[in-house]
Amino acid sequence: MRPPARVRRSGCTARRAARVLALLAALGGRAGAVLPATLVIHVQTPDGHALAGAVVTVRPLDAPPRRPAPAHALMDQVNRAFAPDLLVIPVGSTVAFPNSDSVSHQIYSFSAAKRFQLPLYRGKPYPPVQFDQSGVITLGCNIHDDMLAYLLVTDAPYFGRTDAQGAWSTDVPRGRYRVSVWHPRLRESEADLERELTVGDADRADLQLRLLKSLQPAPITDRPHSWDY
Amino acid sequence: MPNPPHLQVPLRARCPSAALLTLLALAATSRAADWEMSLDTRLVSSDAGRSFMDGGLGATRYDRNDSGAQLGRARFALTASLGELWSAHLDAYAWDDKDRSPVGVTEAYLQFRPYPRAGYRFRLKAGAFYPPISLENRAAGWESPYTLSYSAINTWLAVEVRTIGLEGQLDWLGTRTGHDFDLGLTAGAFGWNEGAGVVLASDGFMLHDRQTPVFGRVGQPGAAPLGAVEPFQQFDGRAGGYAGVEGRWLDRVVLRVLRYDNRADPTAMDFVSGAIAWNTRFNSAGLRIESGTGWTAILQWLDGETLIAPPGMQLQWPFRAQFALLSKRFGRQTLSARYDRFEVETNVPDGDGWQIGHAFTAAWLFDADAHWRVALEWLRVRSYSYYRTEVAGPPLATETQLQLGVRYAFGSGVR
Chain E
1 MRPPARVRRS GCTARRAARV LALLAALGGR AGAVLPATLV IHVQTPDGHA LAGAVVTVRP
61 LDAPPRRPAP AHALMDQVNR AFAPDLLVIP VGSTVAFPNS DSVSHQIYSF SAAKRFQLPL
121 YRGKPYPPVQ FDQSGVITLG CNIHDDMLAY LLVTDAPYFG RTDAQGAWST DVPRGRYRVS
181 VWHPRLRESE ADLERELTVG DADRADLQLR LLKSLQPAPI TDRPHSWDY
Chain Y
230 MPNPPHLQVP LRARCPSAAL LTLLALAATS RAADWEMSLD TRLVSSDAGR SFMDGGLGAT
290 RYDRNDSGAQ LGRARFALTA SLGELWSAHL DAYAWDDKDR SPVGVTEAYL QFRPYPRAGY
350 RFRLKAGAFY PPISLENRAA GWESPYTLSY SAINTWLAVE VRTIGLEGQL DWLGTRTGHD
410 FDLGLTAGAF GWNEGAGVVL ASDGFMLHDR QTPVFGRVGQ PGAAPLGAVE PFQQFDGRAG
470 GYAGVEGRWL DRVVLRVLRY DNRADPTAMD FVSGAIAWNT RFNSAGLRIE SGTGWTAILQ
530 WLDGETLIAP PGMQLQWPFR AQFALLSKRF GRQTLSARYD RFEVETNVPD GDGWQIGHAF
590 TAAWLFDADA HWRVALEWLR VRSYSYYRTE VAGPPLATET QLQLGVRYAF GSGVR
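The listed protein sequences derive, respectively, from chains E and Y.
Numbering of the first sequence is given in the working numbering, commencing with residue 1 and proceeding in unit increments.
Numbering of the second sequence is given in the working numbering, commencing with residue 230 and proceeding in unit increments.
For reference, chain E alone in the conformation it holds in the complex (with noise of 0.2 Å):
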């Protein structure tokens, strides 16, 4: 009888594993050095609530930096409001515009990473944007002065947002890193909020990041968008 699949691949794994075993007795004790280990990230608010949606970009400081690979994205318009209103893409990645709104947009940016604008018509698509520069980039709308977006175009290996919880981890080699943490509504300088630390022996590193300055309070979102603004 053939035996199903799932056995065959599962006994395929095993194998692979124990490769992978005997590879590291060979290397014998240096086994510590070349896995990865966990690093978590969490940052709060200065009353020390968990802090949600922060970027935390991590550059390593031994290795030559290694920069990630570009990547497609998208920001829509619909009702009146970028969708999302916050992207964080590696440096070289591209961005399409589109419109899902029945009113015309034109979206613009003045920051110095990168300036440019886009009347989007009603259905009219617009080739992709590219970003080539580092840094933080303010979208907003020529026509509708309310809104507003993000992009956080970085050179880092290692980006993300942190959860609801706060936290956002990764896995990096053991080493001496560069962690930076950011918000669209922060109030202090990003120099103020980077930390150094070492990945060492453990197979987890966990960093604490308290603002010292609250946010700026949100946007109002329930007000109806036809409002002088």
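Hints in this document: simulated from the structure, not taken from any laboratory.
Backbone N, C-alpha and C define an ideal beta-carbon position, used for all residues, glycine too.
Treat the hints with care, as some may be off.
Below, computed lysine to any residue pairings styled on SDA-like, alpha-carbon distance capped at 25 Å [unchecked claim]:
id, chain 1, residue 1, chain 2, residue 2
1, E, K213, E, L193
2, E, K114, Y, F351
3, E, K114, Y, R342
4, Y, K557, Y, A597
Okay, the calculated beta carbon distance ranges per label pair [said to hold, decoys possible]:
id, chain 1, residue 1, chain 2, residue 2, range
5, E, A83, Y, I518, 25 to 31 Å
6, Y, L414, E, S189, 27 to 33 Å
7, E, R204, Y, F639, 56 to 62 Å
8, Y, D494, E, R187, 50 to 56 Å
9, E, N79, Y, H408, 26 to 32 Å
10, Y, Y568, E, H49, 37 to 43 Å
11, Y, F589, E, D76, 42 to 48 Å
12, E, A83, Y, D494, 52 to 58 Å
If you want a taste of the chain E side facing chain Y, the calculated C-beta under 8 Å gives, among others [claimed, not checked]:
id, residue
13, T138
14, D146
15, A218
16, D228
For chain E, the structure is supplied; the task is to place chain Y on it using the hints.
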């Protein structure tokens, strides 16, 4: 009582900016035009004195003869892109059968909106539009999203004040460059506003939602004691101007201060129509604070005077008004309360035009969906007007108006 000479203004037919309308019609066929229509009907109960539209001195839009079903307004609005940086805007209304023409244009202008650069944004408006004073009339069509009837200050602007000219605005967008606030400067130059002040000097302050069409008239010709007037006239060859500053803290707080002077020559008279130029100037200030929990507070303040100087005399009407509005949004419902105070003084020997009063407004608005809105408003105005004694009435009046409004809106921008 015969009409005072300065109120006798014969009708003159004017064509409201035919070129702009043609442009708008062309733009409407293009891909980048948004249009909207709405119909606002009212059920009214009022014990107010005769409405200003019938020559009376009532402080509300509907008087005791208007109780029952009324047309609040029918609106047609168009916004069209003319190329990438120019756009055209039109707001046209039909109010009721007392108007000279069934449809009046309340705003029609071209706007130039270059993309912001290096944190600065410039905008230019040309045409007919409201100067940036009201913090209450922020909804489409210069309507208030809080009450049906506007505050005394903004009712006066709706009746007599419009920029028919140019306005430039320069904003520093601090909130887009990592700061907590924005700053703006605005300046306007305009003509066709020599009649501004005549309604204030005769009717005093009122609280309603009727916006005088551009080049339109207020009141009825031949009505007594107050006939028809036309606020939007130009015959003294002088342009008026205003300048203001605006500060914003995030999207929560707006502070506006503006100085306005129509620079009319108070000695000028149009010998064809008999109209006198009213020199009207005022300072205004406003503060609007919004919370993230649906609360809105608005304070506005107005202080100025209007004067005429026919041969041998100078007649002045200093005026001031304030209001405080508090509103809370509960999902699709909005509850609002407003208190208005207003006063018009005068040096006219018989006291014509002297008025002092206050008003309470309470309103519930329910936006059922993007198309339907239901509104209930209670308005009580208590005012002392010297003019009322001349029409054989008591000078002190307490007027109450209850309105139930149902509005249906549709169009390309309504979803």
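Verification of the supplied hints:
1. E/K213 - E/L193: holds, 11 Å
2. E/K114 - Y/F351: holds, 20 Å
3. E/K114 - Y/R342: holds, 21 Å
4. Y/K557 - Y/A597: Between Y/K557 and Y/A597 the Cα gap is close to 17 Å, so the pair holds against 25 Å.
5. E/A83 - Y/I518: 25 to 31 Å: Given range 25 to 31 Å: holds, Cβ gap about 29 Å.
6. Y/L414 - E/S189: 27 to 33 Å: With Cβ atoms ~29 Å apart, the hint holds.
7. E/R204 - Y/F639: 56 to 62 Å: Check passed, 59 Å falls within 56 to 62 Å.
8. Y/D494 - E/R187: 50 to 56 Å: holds, 53 Å
9. E/N79 - Y/H408: 26 to 32 Å: 27 Å Cβ-Cβ, so the 26 to 32 Å window holds.
10. Y/Y568 - E/H49: 37 to 43 Å: holds, 39 Å
11. Y/F589 - E/D76: 42 to 48 Å: Holds - the Cβ-Cβ distance for Y/F589 and E/D76, about 46 Å, lies within 42 to 48 Å.
12. E/A83 - Y/D494: 52 to 58 Å: Because 55 Å falls inside the window, the suggested range holds.
13. T138: OK, holds: E/T138 within 8 Å of chain Y, min 5 Å.
14. D146: holds, 7 Å
15. A218: This hint holds: E/A218 lies near chain Y, its Cβ roughly 6 Å from the closest one there, short of 8 Å.
16. D228: holds, 4 Å
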